[in-house]
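Visitor: Each protein sequence line maps, in turn, to chains H and U. When we follow our numbering, the leftmost residue of the first sequence carries the number 90, and every step to the right adds one. When we follow our numbering, the leftmost residue of the second sequence carries the number 67, and every step to the right adds one.
Treat the hints with caution; some may be incorrect.
What the hints assert, rightly or not - Calculated pairs, BS3-like style, for lysine-lysine (alpha carbon to alpha carbon, straight line, at most 25 Å): (1) U:121 - H:344; (2) H:344 - U:83; (3) U:74 - H:344; (4) U:249 - U:219; (5) H:342 - U:247; (6) U:290 - H:344; (7) U:268 - U:247; (8) U:74 - H:342; (9) H:344 - U:87; (10) U:82 - U:68; (11) U:121 - U:174; (12) U:290 - U:250; (13) U:186 - H:342; (14) U:83 - U:121; (15) U:186 - U:172; (16) U:290 - U:219; (17) U:77 - H:342; (18) H:344 - U:82; (19) U:82 - H:342; (20) U:68 - U:83; (21) H:342 - U:174; (22) U:177 - U:156; (23) U:156 - U:121; (24) U:219 - H:342.
Stated by the list, open to error - Restraint-style ranges between C-beta atoms, simulated for each label pair: (25) U:125 - H:197: 31 to 41 Å; (26) H:188 - U:125: 46 to 56 Å; (27) H:114 - U:202: 24 to 34 Å; (28) U:79 - H:188: 17 to 27 Å; (29) U:198 - H:188: 21 to 31 Å.
Just so you know, these hints were derived from the structure itself, not from any lab. Nothing here was measured: the structure is a model prediction, and the numbers come from that model. For each residue, glycine too, the CB sits at the ideal point set by N, CA and C.
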Amino acid sequence: MSLIRIYGLFLRHFYLITRSFPRILDLVYWPTIQITLWGFISNFFANHTTYYNNAVGVILTCAILYDFLFRTSIGFNMLFLEEIWSRNFTNLFIAPMRIGEILTSLVITALIRSLIGLVPAILLTSPLFGISILDLGIFLFLLFLSLYIFGITLGILVSSGLLRFGPSFENIAWSTMFLLAPFGCIYYPIETLPEVFQKIAYMLPLVYIFEEARNILINQAVDIENIYYAFMWNALYFSISIFLFYYSFNAAKNKGTLINMGE
Amino acid sequence: MKNLIEVKNIKKNYGKKEAVKGITFNVEENEILGLLGPNGSGKTTTIGMLLGLLKPTSGQIFINNLILEENRIQILEMINFISPYIELPKKLTVKQNLYVYSKLYKVKNIKERIEYLSEKLRIGELLDSITGELSSGQKNRVSLAKALINEPKVLLLDEPTASLDPEVGDFVRTFLEEYRKEKKISILLASHNMNEVTRLCKSVLMMKNGEIVDQGTPDDLITKHGRTNLEEVFLKLSRSKSEFN
Chain H
90 MSLIRIYGLF LRHFYLITRS FPRILDLVYW PTIQITLWGF ISNFFANHTT YYNNAVGVIL
150 TCAILYDFLF RTSIGFNMLF LEEIWSRNFT NLFIAPMRIG EILTSLVITA LIRSLIGLVP
210 AILLTSPLFG ISILDLGIFL FLLFLSLYIF GITLGILVSS GLLRFGPSFE NIAWSTMFLL
270 APFGCIYYPI ETLPEVFQKI AYMLPLVYIF EEARNILINQ AVDIENIYYA FMWNALYFSI
330 SIFLFYYSFN AAKNKGTLIN MGE
Chain U
67 MKNLIEVKNI KKNYGKKEAV KGITFNVEEN EILGLLGPNG SGKTTTIGML LGLLKPTSGQ
127 IFINNLILEE NRIQILEMIN FISPYIELPK KLTVKQNLYV YSKLYKVKNI KERIEYLSEK
187 LRIGELLDSI TGELSSGQKN RVSLAKALIN EPKVLLLDEP TASLDPEVGD FVRTFLEEYR
247 KEKKISILLA SHNMNEVTRL CKSVLMMKNG EIVDQGTPDD LITKHGRTNL EEVFLKLSRS
307 KSEFN
């Protein structure tokens, strides 16, 4: 692994973001709108239901966590798609970069993109709604880390599809998160789902992450098992995604997708 | 003279379709080899295999005596490519693009390298311009600068002067000739511009339907086929069905 090359690819995207005010605005705009909207919904539910035990901000916290996952996953896909849209894909793959270097660079850049969008939105929650996501304490870091890994995993899976099938796979890039959201039990406990769906949900790290976030905020207790299961499922899916990416890269080399990649 | 590119009986099949049917050729150090052929003849597929973007169905490629499949990264460090069909990120400035690729190729003395190429390719005044806002002639010179950023031993050129006006086209050809002489690099040039090929290439491969149908120096081919220039040779070989199909 070469840190210089990883830094080089990071720079390519860093320049792209910092050169364009609309791009930065776009990164900040959607999380802010999303979190403001869920902030008001959260306040309403907290005052009108007993389930949340007046734990103001449960929904909002989950919305922030979900948005982080969404931004990380979409961010990773966007970085990959940028190369296709700009017809730079071939240049990138004829540069002496190892797959691991490309992935590492995109993983770091995706995190920075997500944080650019999310930090201002999180800072807004305190003055607007009197809520601080830091109430999750030290476990907040573990939950964020778990979501980050899953977001990156989804990004790598979609990028594998882009490598294997070309730009026609782009629509899937936008829809993955929406497909998984119902099973993630982001805003409701898993018991809400029908039994069959529960079985699927238990095979996703999301359910453990969001159940634990609610557990900490509502019951003021920590269930390490939830965090453990989230990481275990993450490890499995992340390994699969890496394997699929390498597989797709080799398949693309056989099929010729790398040469003709572009809109 | 040492061969920097050695292609040994490479084939590429897409399912049942044979895109390249077992071709063999070498490119010596300090040589420009022309790769000619009609659209669909297998030129781009061949270049794709040389760049490691396509895996040959069979056969082997050696670059500087290293097997491509086993030494991909090491080989990619010493080759580069330019084509009008690929571009540099449009929103970045020229200098940013060259800087990014310098990092990707782990270039030492980046500043000096960019300054050298800027002067040679007359892009000094473009360094702070947005790449996507350049004219095609300017973009071409910037792409060439990117392709030379790592001081490649082997340069693959796919229609390097397509869509350029005669003045810029001539500038690029002159530059390539001088650069090749100075650095003793090997160049594989795929082009539809027969005058360009005649001017630059020591020898030429004619491809059709995935095969090499003829090869030799431009003069030898013209004489052998009883024509007055390379374009007529190209047309003869492209249109001939019975002979080569």
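Visitor: For every hint, state whether the structure bears it out.
Guide: Consistency of the hints with the structure:
1. For the suggested pair residue 121 of chain U and residue 344 of chain H, the alpha carbons sit about 8 Å apart, so the restraint of at most 25 Å is met.
2. For the suggested pair residue 344 of chain H and residue 83 of chain U, the alpha carbons sit about 12 Å apart, so the restraint of at most 25 Å is met.
3. With a C-alpha separation of about 21 Å, the suggested pair residue 74 of chain U and residue 344 of chain H falls inside the 25 Å cut-off, and the hint holds.
4. For a cut-off of 25 Å, the pair hint linking residue 249 of chain U to residue 219 of chain U stands: about 8 Å separates their Cα positions.
5. Distance restraint check for residue 342 of chain H and residue 247 of chain U: the Cα-Cα separation of roughly 34 Å exceeds the 25 Å cut-off, and the hinted pair is therefore not satisfied.
6. Straight-line distance between C-alpha atoms of residue 290 of chain U and residue 344 of chain H comes to about 38 Å, which puts the hinted pair past the 25 Å bound.
7. Taken as a hint, the residue 268 of chain U and residue 247 of chain U pair is honoured in the structure, with Cα atoms around 13 Å apart against an allowance of 25 Å.
8. Distance check on the hinted pair: residue 74 of chain U and residue 342 of chain H sit about 19 Å apart at the alpha-carbon level, within 25 Å; holds.
9. Our distance criterion of 25 Å between C-alpha atoms is met by residue 344 of chain H and residue 87 of chain U, whose separation comes to about 16 Å.
10. Our distance criterion of 25 Å between C-alpha atoms is broken by residue 82 of chain U and residue 68 of chain U, whose separation comes to about 36 Å.
11. Between residue 121 of chain U and residue 174 of chain U the alpha-carbon distance is near 31 Å, which puts this suggested pair outside the 25 Å criterion.
12. Distance check on the hinted pair: residue 290 of chain U and residue 250 of chain U sit about 30 Å apart at the alpha-carbon level, beyond 25 Å; violated.
13. Between the alpha carbons of residue 186 of chain U and residue 342 of chain H the distance comes to roughly 35 Å, so the proposed pair goes past 25 Å and is violated.
14. Pair hint residue 83 of chain U plus residue 121 of chain U holds up; C-alpha atoms about 15 Å apart against a cutoff of 25 Å.
15. For the hint linking residue 186 of chain U to residue 172 of chain U, the alpha-carbon distance of about 21 Å falls within 25 Å, and the restraint holds.
16. The suggested pairing of residue 290 of chain U with residue 219 of chain U is violated, with an alpha-carbon distance near 32 Å, which exceeds 25 Å.
17. For the hint linking residue 77 of chain U to residue 342 of chain H, the alpha-carbon distance of about 14 Å falls within 25 Å, and the restraint holds.
18. Simply put, residue 344 of chain H and residue 82 of chain U have alpha-carbon atoms about 12 Å apart, close enough for the 25 Å limit, and the pair holds.
19. Note on residue 82 of chain U and residue 342 of chain H: the hinted pairing holds, with a Cα-Cα distance of about 17 Å set against a maximum of 25 Å.
20. Proximity of residue 68 of chain U to residue 83 of chain U is assessed by CA-CA distance (about 34 Å); at most 25 Å being required, the pair is judged violated.
21. Under the criterion of a C-alpha separation no larger than 25 Å, the hint pairing residue 342 of chain H with residue 174 of chain U is inconsistent with the structure, at around 30 Å.
22. Restraint check for residue 177 of chain U and residue 156 of chain U: satisfied, since their Cα atoms lie roughly 21 Å apart, inside the 25 Å limit.
23. Pair hint residue 156 of chain U plus residue 121 of chain U does not hold up; C-alpha atoms about 29 Å apart against a cutoff of 25 Å.
24. A C-alpha spacing of about 24 Å is found between residue 219 of chain U and residue 342 of chain H, which places the hinted pair at or below 25 Å, so the restraint holds.
25. The hinted window of 31 to 41 Å between residue 125 of chain U and residue 197 of chain H holds, with their beta carbons roughly 38 Å apart.
26. Checked against the hint of 46 to 56 Å, the pair residue 188 of chain H and residue 125 of chain U fails, with Cβ atoms roughly 24 Å apart.
27. Take residue 114 of chain H and residue 202 of chain U: their Cβ atoms lie about 31 Å apart, and the range 24 to 34 Å holds.
28. Separated by about 25 Å at the C-beta atoms, residue 79 of chain U and residue 188 of chain H satisfy the suggested range of 17 to 27 Å.
29. Look at residue 198 of chain U against residue 188 of chain H: about 28 Å separates their beta carbons, and that is inside 21 to 31 Å.
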